[in-house]
Amino acid sequence: MMLLRDAKTLDAYVSSGGFSSLKKALRMKQSEVIKEISVSGLVGRGGAEFPTGLKMKFVAQNLSTPKYVIANADEGEPGTFKDRVLMERNPYQILEGMIIAAYAVGARKGFFYIRHEYRKIAREIEKEIDELYSEGYLGSNILGSKFSFDIELVIGAGSYVCGEETALMESIEGKRGFPRIKPPYPAQRGLWGKPTLINNVETLANLPLIIELGSKRYTELGTHLCPGPKLFSVSGFVKNPGVYEEILGKITVRELIERAGGAEGNLKAIMIGGGAAGYIVDKSFLSMPLCYHHARERGIFLGTGDIIVLNDEVNLWKVLLQIAKFFEHESCGQCFPCRYGTKRMRELIEKILRGEGKRRDIERLDAIANALKIASLCPLGSSAALAYESAMEYHRDELMEVIS
Amino acid sequence: MITITINGKSIAANPGETILQAARRNGVEIPALCLMMEDRPIGSCGLCVVKILREDRTSYVRACTTKVEDGMLIETHPPEIEEARKTILELLAEEHEVGGELQALLDRYGINVERREVIREEWPENPFIFFNPKACISCFRCVQTCGEIKENHVLVRRGRGARIEIVAGVNDSLKDAGCAFCGACIDACPTGALIEKTAIRAKGPLKKVTTICPYCGVGCAIDYFVQGNRIVYARGNPEGVNRGDDCLKGRFGWEFVHSEERLKRPLIKRDGKFVEVSWDEALDYVAQRLREIREKYGADSIAGLSSAKCTNEENYLFQKFMRTVIGTNNVDHCARLCHASTVVGLFKVFGSGAMTNSIEDLMTSEVFFVIGSNTTHAHPVIGTLIKRAVKRGAKLIVADPRNIELARYATIHLRHRPGTDVALINGMMHVIVKYRLADYKFVEERTEGFEKLKEVVEKYTPERVERITGVPRDDIIRAAILYATHRSAIIYAMGITQHTSGTANVASLANLALLTGNVGKEGSGVNPLRGQNNVQGAGDMGALPNLLPGYVRLDAPYADEIERIWGTKIPREPGLTVVEMMHAALKGKIKAMYIMGENPAVSDPDRSRVIESLKNLEFLVVQDLFLSETAQLADVVLPAASSLEKEGTFTNTERRVQLLRRVIEPVGEAKPDWWIITQLANRMGASWSYGSPKDIFEEIRKVVPQYRGITYKRIEKLGIQWPCTDEEHPGTPILHVDRFPTPTGLARFAPYEYKPPAEESDEEYPYILTTGRTYEHFHTGTLTRKMEGFNELMPEAFVEISSDDAEKLGIKNGDCVVVESRRGAIRVKAKISKIKKGVVFIPFHFAESAANTLTLDALDPEAKIPELKVAAVRLKRC
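Quick note, the sequences are listed as chains W and Z, same order.
Heads up: the first sequence begins at 1 in my numbering, then just goes up one per residue.
Heads up: the second sequence begins at 1 in my numbering, then just goes up one per residue.
Quick caveat, the hints were computed from the structure, so don't treat them as lab data.
Heads up, the beta-carbon is just placed ideally off N, CA and C, and yes, glycines get one too.
Watch out, some of these pointers could steer you wrong.
Simulated pairs of lysine-lysine, BS3-like, Cα-Cα distance not exceeding 27 Å [stated by the list, open to error]: (1) W:Lys175 <-> Z:Lys67; (2) W:Lys182 <-> Z:Lys51; (3) W:Lys194 <-> Z:Lys395; (4) W:Lys182 <-> Z:Lys203; (5) Z:Lys86 <-> W:Lys373; (6) W:Lys325 <-> Z:Lys86; (7) Z:Lys175 <-> W:Lys175; (8) W:Lys373 <-> Z:Lys67; (9) Z:Lys67 <-> W:Lys194; (10) Z:Lys694 <-> W:Lys57; (11) W:Lys175 <-> Z:Lys391; (12) W:Lys373 <-> Z:Lys51; (13) Z:Lys134 <-> W:Lys351; (14) W:Lys194 <-> Z:Lys391; (15) Z:Lys395 <-> W:Lys175; (16) Z:Lys86 <-> W:Lys358; (17) W:Lys182 <-> Z:Lys395.
Covered stretches of chain W (chain Z as the covering partner; in silico rule of three or more C-beta atoms under 8 Å from a C-beta of chain Z) [said to hold, decoys possible]: (18) 326-339; (19) 368-376.
Working from the sequences, and respecting the hints, build out all of it.
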């Protein structure tokens, strides 16, 4: 286990080699650190799959100062709980990754943004940050180097959209969590208009690994298309739901479900990518290797790495209703397509569940899904259509049974 | 230039512009509902989405937010986007009542869906703005306007998802949320959800007439929308000096013209009662009485008050009437009470007594030094400009004992004791000289008298100044350094001028600007803000007892030239100023007065004595819109047309001569002042043949050198700033760029020592009273207090008092308080605020609790301006 090792105390973490990567990084040039990460092929683990090294390069190259680093621990996706487990079991690796990232891009200040539902963990993280200060891993002249870095903990206020990077920054700035229009991207103008590196906590936890192993050995871990370890949240109708760490590309969907004890009942559908912003696919995906590349080839994304198993007792319209309700509730209201589209979707699905569904309701749902995808201001709106569209693609017959 | 392809057509685009800008410039129409500021797109509506084709992928982006890139391939109307637009519009139409721009879009997309009943909360009541929640699509244009454009931050978004809505504050009433009622949100609204209450029931075509606002000296151009002879609503004109900005008074303050209380026929007082008479009877009677009095007591027994609310043409005629028809220089106007010391003080130092720079120019200032000006309340459009500049990085120094709105935006707030301005400014100059922060090159090349200044300011150490002013020494040093090291503009108003040391205050500010080279350059200068729409012009036109039109001295050689143009003799003895006239009337030396558009019974200091003086006259003629407190004392009252009912020109605070257009016909038999003066003159032996204000202006151009190049035709669109010496001259946005209008071409430092105000607080009267204007009312309230909405917002006078003082006196917020000075007492409501301890403030609009009952008429020795800003008072609960 490279991410999920148990190192709940600083002593345990250091004695198992913790912070040796930071020491190593501080002896490297900043550009060398970024190069290592670029070559490693690491992509963001929060769902967007953007190359981490490239993001760091953009921030490093930006001449504007000060620069900021943000750890995104606003894990709000239904069915995703891998960050929680990671923070509980191996928090220092995330913080070490954050410090390395800050060193690489030239940031002096970082924010650890965590959702308020995780406030128990937040209290722990706060203690751990304090500990790092007293041990010289944070603050001025870290480990005797010329590099100084501070981390401040920020607790969110319970909005799903604040996991979106620009809404999250608004939230840190003390404003209402409305997503910003991109571009400019955070690397150009992020927190308080300054270049900002924002990464999911799992992504950050990968950085010490890459520095420790070297990019070459790190890439050899996975396949050449999908390097590195990944945490998967497995839930739904499985015997042993939980977080599983796997090497990308080395295991199929079926194998992962088996590791979680196999399906309960007859597996009918799998939700991949997220419990809301994910895809509802069919059994044909069981043989798909869990790798970003293979998923894209099949027209989906691995997203945060969720696998939710649905058996044949599940009514897919009811699943879609839950998802629609979720998005309607979490829509920030900023843009028209999402604000009204999510509401109308929920209403139409309710109508269908009442047994009053007509063909033109399906046409309307299709039109709304199209508008959401094309014209939403942030990914929340565009992902609100994913579950419906994929379910229609892979389970059309079943869904259309109730339509007259 | 870069090249992009829109819908298969290659187009040259400017780097940095958005796809929407490039497309629209090339005639490609992309729908957009939420765009307000092109440089800060909101992006809420999603209608402007376009498709970008790249080799590896296609993407959909908002055209309003995405910048063009070289080689970009753009499709603006592919079927999937048109479908999405249709869907969005359908959703909108289902949820809302539609109107305005949205209705036009629905028509274009052929959308006709059934609206469902969606319940949305209405706003709490307010006097001016109607809000229809059902029509509000929460596009946030109003929110952006209120926040980022007007810097008011009253309208905010509440709720989320489809339940998002726009509210004021935490769903307060607009008034409680601090709304400025500037109306910019109405202009921003694309659906008609926000509209003026007066415009709700307007049907049929409206006529638009653009003229100049009747209130303060900013001189905003306002578009009035008219039906029949009634104004329906008004909006700031985007081409004016205000660039479309507006304030409460400009936007909603026109209703007085339709007031039932307007004077519609001439009145003569018989047996103590006014009776309506014909114009002929009234004019004949006035001419006869004035002739009689002149014959009996001499021409200098008659005095006239001209008006900063009347046009240049009318002021010009009024002083010409007094000088050549009556034969006296006893003519003055309310500038005596506001900016007489500006004219004298700036003239002394710079050789010219007007605002040195322009309103637009102020946007380039790095530092604003605002002293004695509650800009956001008294000159709101300039106040907004300052707030906006500060939000974009400019620094602000505010010197004011009150916690005025601008203080919230200030880098440094100097809360000095009223009447200690000279000490404060000398203290700043002391620091600048001591730290060698002066602009020595400028001092060397463009000024004289520096050594004398140095000698005076030497004594004003920050420690000593702290003792005099109550401002901490460090703040004095910080302010001096900040001001001296930037491109800094001084902005001031009555807090500087209305003192016995008014001229000294003004000259000291001019010294400060000279010392640091902050004159004659963009974004700098000494900028008095004039309080009335035409106070600049009234002075320019020579409605002054010692100066002829164009500020020509009575003994100057050019006065002979004016005599030649007029074809009559001009008396050469300077006449009496406003306050001197009142004193003379009380003593029986002035027997008759002709007062045009002024209300000295409320506006002048020690008003009980003013009323006594006016009552002591043998004959009083008042020409006004309303039966003002002064008019009630008159023997004859002549009904005048308002500025919205006539033509002419106003000169705004930045010396810009602007053209008035007639918005409606005068009510009743009211007549323009220029007509009335001409009629009177001709009945008293003159043979004036002015047929229109334009005829008069042509004569003004001959007499006043600064106006020579200005014609009605040239100022049809936008006014010209004097001096403008010939018809090719573009006007002068910044004064003193190369030389000063002095005999040597150099500016002259005029240092002053600090002298305490005429009356200081003592054991008997322990508080210092200072007076001023509120945002909601204007001057003596003759106009604003005729309007219900304004009275609703600000129904009565108040006394601002610090919480410490209130506690000491056992006064609670809202208590009735007796404020008493050596001259009289009034009752007002207490308003506990963050005003400086020991200082209280009362606005002067309210005749029933008139602040000027308390003030004293001690005068500045040079400018004869009374000290309206400092009086000793005591307070107790009623």
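Hints, verified against the model:
no.: 1; hint: W:Lys175 <-> Z:Lys67; verdict: holds (26 Å)
no.: 2; hint: W:Lys182 <-> Z:Lys51; verdict: holds (15 Å)
no.: 3; hint: W:Lys194 <-> Z:Lys395; verdict: holds (22 Å)
no.: 4; hint: W:Lys182 <-> Z:Lys203; verdict: violated (43 Å)
no.: 5; hint: Z:Lys86 <-> W:Lys373; verdict: holds (14 Å)
no.: 6; hint: W:Lys325 <-> Z:Lys86; verdict: holds (24 Å)
no.: 7; hint: Z:Lys175 <-> W:Lys175; verdict: holds (24 Å)
no.: 8; hint: W:Lys373 <-> Z:Lys67; verdict: holds (21 Å)
no.: 9; hint: Z:Lys67 <-> W:Lys194; verdict: holds (19 Å)
no.: 10; hint: Z:Lys694 <-> W:Lys57; verdict: violated (69 Å)
no.: 11; hint: W:Lys175 <-> Z:Lys391; verdict: holds (17 Å)
no.: 12; hint: W:Lys373 <-> Z:Lys51; verdict: holds (12 Å)
no.: 13; hint: Z:Lys134 <-> W:Lys351; verdict: holds (25 Å)
no.: 14; hint: W:Lys194 <-> Z:Lys391; verdict: holds (17 Å)
no.: 15; hint: Z:Lys395 <-> W:Lys175; verdict: holds (24 Å)
no.: 16; hint: Z:Lys86 <-> W:Lys358; verdict: holds (21 Å)
no.: 17; hint: W:Lys182 <-> Z:Lys395; verdict: violated (31 Å)
no.: 18; hint: 326-339; verdict: holds (count 11)
no.: 19; hint: 368-376; verdict: holds (count 7)
Violated hints for the displayed structure, listed by number in ascending order: 4, 10 and 17.
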